[in-house]
Amino acid sequence: MAELLQFIFSGLTVGAVYALVALGFTIIYNASDVVNFAQGEFVMLGGMATVFLAAAGLPLPLAAIAAVVVTVAVGLGLYLFAIKPARGASAVTLIIITIGASIALRGAAQIVFDKQFHRLPSFSGDDPIHILGATILPQSLWVIGGAGVILAALWWFFRVTLTGKAVLATAANRLAASLVGIDTRFVVGLSFALSAAIGAIAGILVAPITLTSYEVGTMLALKGFAAAMLGGMGNPIGAVAGGLLIGLLEAFGAGYLSSTYKDAFAFVVILLVLFVMPGGLFGARSVERV
Amino acid sequence: MPALLRRFLPVLILLALVVALPFLLKSAYQLRVATLVFTAGLTAIGLNILMGHAGQVSLGHAGFGGIGAYAVAILPTHYGIHPLAAFGLGVCAAGLLAYAVGRPILRLRGHYLAVATLGMGMLIAMVIQNQQGLTGGPDGMQVPRMELFGWRVRGAETWYWICGGFLILGAVLAVNLIDSPTGRALRAVHDSEVAARVLGIDVARAKLTAFTISAVYAATGGALLAFVNAFVTPDIAGFLHSVELVTMVVLGGLGSVVGAVVGATILVVLPQVLTVFHEYEHLAIGLIMIGVMIFMRAGVVPTLIGLVRGRSA
Numbered sequence: 001m002a003e004l005l006q007f008i009f010s011g012l013t014v015g016a017v018y019a020l021v022a023l024g025f026t027i028i029y030n031a032s033d034v035v036n037f038a039q040g041e042f043v044m045l046g047g048m049a050t051v052f053l054a055a056a057g058l059p060l061p062l063a064a065i066a067a068v069v070v071t072v073a074v075g076l077g078l079y080l081f082a083i084k085p086a087r088g089a090s091a092v093t094l095i096i097i098t099i100g101a102s103i104a105l106r107g108a109a110q111i112v113f114d115k116q117f118h119r120l121p122s123f124s125g126d127d128p129i130h131i132l133g134a135t136i137l138p139q140s141l142w143v144i145g146g147a148g149v150i151l152a153a154l155w156w157f158f159r160v161t162l163t164g165k166a167v168l169a170t171a172a173n174r175l176a177a178s179l180v181g182i183d184t185r186f187v188v189g190l191s192f193a194l195s196a197a198i199g200a201i202a203g204i205l206v207a208p209i210t211l212t213s214y215e216v217g218t219m220l221a222l223k224g225f226a227a228a229m230l231g232g233m234g235n236p237i238g239a240v241a242g243g244l245l246i247g248l249l250e251a252f253g254a255g256y257l258s259s260t261y262k263d264a265f266a267f268v269v270i271l272l273v274l275f276v277m278p279g280g281l282f283g284a285r286s287v288e289r290v
Numbered sequence: 291m292p293a294l295l296r297r298f299l300p301v302l303i304l305l306a307l308v309v310a311l312p313f314l315l316k317s318a319y320q321l322r323v324a325t326l327v328f329t330a331g332l333t334a335i336g337l338n339i340l341m342g343h344a345g346q347v348s349l350g351h352a353g354f355g356g357i358g359a360y361a362v363a364i365l366p367t368h369y370g371i372h373p374l375a376a377f378g379l380g381v382c383a384a385g386l387l388a389y390a391v392g393r394p395i396l397r398l399r400g401h402y403l404a405v406a407t408l409g410m411g412m413l414i415a416m417v418i419q420n421q422q423g424l425t426g427g428p429d430g431m432q433v434p435r436m437e438l439f440g441w442r443v444r445g446a447e448t449w450y451w452i453c454g455g456f457l458i459l460g461a462v463l464a465v466n467l468i469d470s471p472t473g474r475a476l477r478a479v480h481d482s483e484v485a486a487r488v489l490g491i492d493v494a495r496a497k498l499t500a501f502t503i504s505a506v507y508a509a510t511g512g513a514l515l516a517f518v519n520a521f522v523t524p525d526i527a528g529f530l531h532s533v534e535l536v537t538m539v540v541l542g543g544l545g546s547v548v549g550a551v552v553g554a555t556i557l558v559v560l561p562q563v564l565t566v567f568h569e570y571e572h573l574a575i576g577l578i579m580i581g582v583m584i585f586m587r588a589g590v591v592p593t594l595i596g597l598v599r600g601r602s603a
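The listed protein sequences correspond, in order, to chains A and B. Going by our numbering, the residue at position 25 of the first sequence is 25; the numbering climbs one at a time, nothing skipped. Going by our numbering, the residue at position 281 of the second sequence is 571; the numbering climbs one at a time, nothing skipped.
These are calculated hints, taken from the structure and not from any lab test. Values in this document were obtained by computation on a predicted structure and should not be read as measured data. Treat the hints with care, as some may be off.
Chain B residues, not near chain A, derived (Cβ > 10 Å throughout) [unchecked claim]:
| hint | residue |
| --- | --- |
| 1 | 297 |
| 2 | 323 |
| 3 | 387 |
| 4 | 394 |
| 5 | 406 |
| 6 | 409 |
| 7 | 430 |
| 8 | 432 |
| 9 | 540 |
| 10 | 572 |
| 11 | 579 |
Partial pick of chain A residues on the chain B-facing surface, computed with a CB cut under 8 Å [to be verified]:
| hint | residue |
| --- | --- |
| 12 | 89 |
| 13 | 118 |
| 14 | 182 |
| 15 | 185 |
| 16 | 189 |
| 17 | 281 |
For glycine and all other residues, C-beta sits at the position ideal for the given N, C-alpha and C.
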């Protein structure tokens, strides 16, 4: 029982990070049909920038806020200088562009920061909390709690604010949205900024647990992409469920089966799910029009 | 232009290139880089059949390359099988695997297909990475020298001609396939699966054929690369290599045989040139990829052909 609970704790912690990355994929995909493979680099930038700004003498909260601002600027730059000029290009071309952007960002991080692994200090100490025989780090609670707060804030943004509704309208039908006077280009730019912010926050929250370096983004992007697909691409609730599911699968697989094949379980399950449900777990059964 | 000439024009261009290069390249190093371009080009031509003609994306093709490469490393080392037989077995294994997993995977579309092929490639890479006893794990393993009738196949020049020969053979088979009923079926599938089905084309079968053929190309390219380097590491099957392969095809120009080789040239030669600025290597590669995709949206070769013909690209 204690063992099971322990796996659930660690699964939920990584799962929350995957969920945030998947959510970033979903937001950009909904607004612009772009699958942004540089999403993992937002996570990397958040963590690395905080580490270096804190090392430069900034207090941790300020460093974190500055890191989010920097990442949002990078996200907007990605949209303005790489995605927007390629408007109307095919999906594969856009994917190559975002992959090029992720390689360039990784290269830039290598120059601006360095190639070492870095650890942020935990936000509230390293004393594990004991629950029913299992333990959980305070930082894990920060990750899970942070993800919860972001979800709540997004829900409020999309359901209550006019801007959020404009994003939803654009996601549903871009032409119709622009016909009713929504500035769809602003909405797409906003979605890049939002995704960058979410990625950066995830990177900051998880850096005390998993360490960060210029190349942590690749694997996170793959897992996040897989999580978004598992949940059904473009479905925010699916993205979160997919992320948590992959985190739990990895924790259970590593704990009960084999830790060397930890990364494999997620992909085996994704393949099996897609074979049975080609649209993902929460995917809409879309009908192709000819 | 006569139809036959038009069909084989890409092959003739490549043939001229393979024959002419040794006169232009002086050092063994340059010859080696050209050889690397040929092995990558062969894989890209194969992937182009799947992506450019059937319109299906694969983010796991390096996995098939890894199977070919590790077959010529593992089978002779651990089981004493002749490298040539190991070569054949590896290519067959990759083809059979593609045929087996292709049917369920290719039912998926677009991004779902991308993530499924990604998962398949990751699984192959993880098996290679983790079966240390067999594959040497992350450190990689030596590939035994090929010996044919008592003659040891070695030296930069020998492998240059062997890989060049395979590239030409691959190009000939590709242009023939593209002009065959199967090729026309593939293009119909690319344009519209529904319309293709209405025409009586077995869409699932056409896609499976393209997937299997492209896997055979990838395994051949991977095995040749392993022979040339005399060493393999799991990177050859990794996700980043899969991405590189897709990028080669798109960068050079989807649907163009010469384009696939040009894309391979760019991605193989660029890092070699950019090591001069090694700090800025990745930044530069990333920016070049973005720039080419924005300004030469159809890929380098189709855009240039368009310019030469005086049309706006």
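Cross-check of the supplied hints:
Against chain A, the non-interface label of residue 297/B holds: every CB pair exceeds 10 Å, the least being about 26 Å. Every C-beta of chain A lies more than 10 Å from that of residue 323/B, the closest at about 21 Å, which supports listing it as non-interface. Interface exclusion of residue 387/B from chain A stands, the closest Cβ pair being 13 Å apart, more than 10 Å. Distance to chain A contradicts residue 394/B as a non-interface residue, since its nearest Cβ pair spans about 5 Å, not more than 10 Å.
Residue placement check: residue 406/B does not keep its beta carbon more than 10 Å from all beta carbons of chain A (closest about 5 Å). With 10 Å as the threshold on Cβ separation, the claim that residue 409/B sits away from chain A is violated: the shortest Cβ distance comes to roughly 4 Å. With a least beta-carbon separation of about 17 Å from chain A, residue 430/B lies farther than 10 Å from that chain, consistent with its non-interface assignment. Remark: the non-interface label on residue 432/B is consistent with the geometry, its nearest Cβ contact in chain A lying 23 Å away (cut-off 10 Å).
Look at residue 540/B: its CB is around 5 Å from the nearest CB on chain A, not clear of 10 Å, so calling it non-interface is violated. At the 10 Å boundary, the C-beta of residue 572/B falls inside the reach of chain A, the nearest C-beta of that chain being 3 Å off. With a least CB separation of 3 Å from chain A, residue 579/B falls inside the 10 Å interface cut-off, contrary to its annotation. Below 8 Å, beta-carbon pairs count as interface contacts, and residue 89/A has one with chain B at about 5 Å; its hint therefore holds.
For residue 118/A, the interface hint is violated, the least distance from its beta-carbon to any beta-carbon of chain B being 19 Å, above 8 Å. For residue 182/A, the interface hint is violated, since its Cβ never comes within 8 Å of a Cβ in chain B; the closest pair sits about 25 Å apart. The interface hint given for residue 185/A is broken, as the beta carbon of that residue sits about 17 Å from the closest beta carbon of chain B, more than 8 Å. Using the Cβ-Cβ criterion of 8 Å, the hint placing residue 189/A at the interface with chain B is not satisfied: the shortest such distance is roughly 17 Å.
Below 8 Å, beta-carbon pairs count as interface contacts, and residue 281/A has none with chain B, the closest being about 12 Å; its hint is therefore violated.
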